[in-house]
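Heads up: the sequence lines are chains V and L, in that order. Each number in our numbering comes from the position in the first sequence (counting from 1) with 426 added on. Each number in our numbering comes from the position in the second sequence (counting from 1) with 258 added on.
Hint data in this document are derived by calculation from the structure and do not stem from the laboratory. Do not rely on the hints blindly, as some may be mistaken.
What the hints assert, rightly or not - Below, a sample of chain L positions facing chain V; criterion: calculated Cβ distance under 8 Å:
| hint | residue |
| --- | --- |
| 1 | Ser291 |
| 2 | Thr296 |
| 3 | Gly298 |
| 4 | Leu301 |
| 5 | Glu306 |
| 6 | Phe308 |
| 7 | Gln312 |
| 8 | Ser328 |
| 9 | Gly367 |
| 10 | Leu371 |
To be verified - So the derived label-pair ranges between C-beta atoms look like this:
| hint | chain 1 | residue 1 | chain 2 | residue 2 | range |
| --- | --- | --- | --- | --- | --- |
| 11 | L | Gln312 | V | Asp457 | 38 to 48 Å |
| 12 | V | Ile472 | L | Arg325 | 20 to 30 Å |
| 13 | V | Gly511 | L | Arg267 | 14 to 24 Å |
| 14 | L | Lys315 | V | Glu455 | 32 to 42 Å |
| 15 | V | Lys504 | L | Gly274 | 41 to 51 Å |
| 16 | L | Leu341 | V | Asp452 | 27 to 37 Å |
| 17 | L | Gly316 | V | Asp457 | 36 to 46 Å |
| 18 | V | Thr431 | L | Tyr268 | 46 to 56 Å |
| 19 | V | Pro537 | L | Phe327 | 43 to 53 Å |
| 20 | V | Pro435 | L | Tyr268 | 46 to 56 Å |
| 21 | L | Asn317 | V | Pro435 | 34 to 44 Å |
| 22 | L | Asn329 | V | Gln534 | 34 to 44 Å |
The structure displayed is predicted, hence computed values, not measured ones. C-beta atoms are modelled at their ideal positions from N, C-alpha and C, and glycine is treated no differently.
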Amino acid sequence: AQTVTQSQPEMSVQEAETVTLSCTYDTSESDYYLFWYKQPPSRQMILVIRQEAYKQQNATENRFSVNFQKAAKSFSLKISDSQLGDAAMYFCAYETDKLIFGTGTRLQVFP
Amino acid sequence: KAGVTQTPRYLIKTRGQQVTLSCSPISGHRSVSWYQQTPGQGLQFLFEYFSETQRNKGNFPGRFSGRQFSNSRSEMNVSTLELGDSALYLCASSLALLADQETQYFGPGTRLLVL
């Protein structure tokens with residue numbers, strides 16, 4: 427069965443600094459998608475970034491980038507130049523025919 | 259383009275009652291998925307509808323059901339509510355151009371409290 431593990435329940439970062447959130451997953455599939463979603467206090471789940479497993483190049487969206495290591499089944503999210511608005515729960519998710527979520531990492535951003 | 263909308267946003271029910279939640283997907287999106295989020299179990303997949311047919315189902319009891327209409331709007335129903343059904347119910351839509359593996363965009367959720 428596919429599983430997604432986020433081993434950091436909480437992380438904190440100073441404004442303007444860089445932080446990396448970890449995610450590992452387990453699957454026997456070769457073709458799949460990986461996502462990072464952000465859930466602020468409003469509870470709205472917001473797509474941050476997506477990575478296709480067949481692409482070797484790491485996805486980047488402005489200040490957000492991933493380090494995708496397919497052989498190691500690792501998919502970490504790097505947030506550069508952290509902003510107060512980045513404070514939220516971050517969920518890593520794996521998709522084949524449905525999304526399987528990790529348990530989330532709560533990110534705090536300090537001024 | 260408007261995002262995914264869910265109604266109602268908040269709901270309070272008592273045990274034994276039933277409830278219907280509604281989800282309108284992004285215009286043009288054909289797939290709608292439902293997820294339950296609780297502090298104890300996290301985010302769990304309920305079911306997915308595509309072209310008015312349930313295409314995939316998670317491990318939830320039969321009290322949880324859903325349907326999709328021809329305009330892709332979806333409803334989920336929970337009968338005989340239990341205290342443990344208190345949760346945030348999230349709906350997500352995707353284009354579903356491929357058989358699967360499409361980016362899902364989420365609505366704001368419906369927070370259900372069962373007393």
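(message) Hints numbered earlier in the text: which of these fail when held up against the supplied structure?
(response) 2, 3, 6, 7, 8, 10, 11, 14, 17, 18, 20, 21
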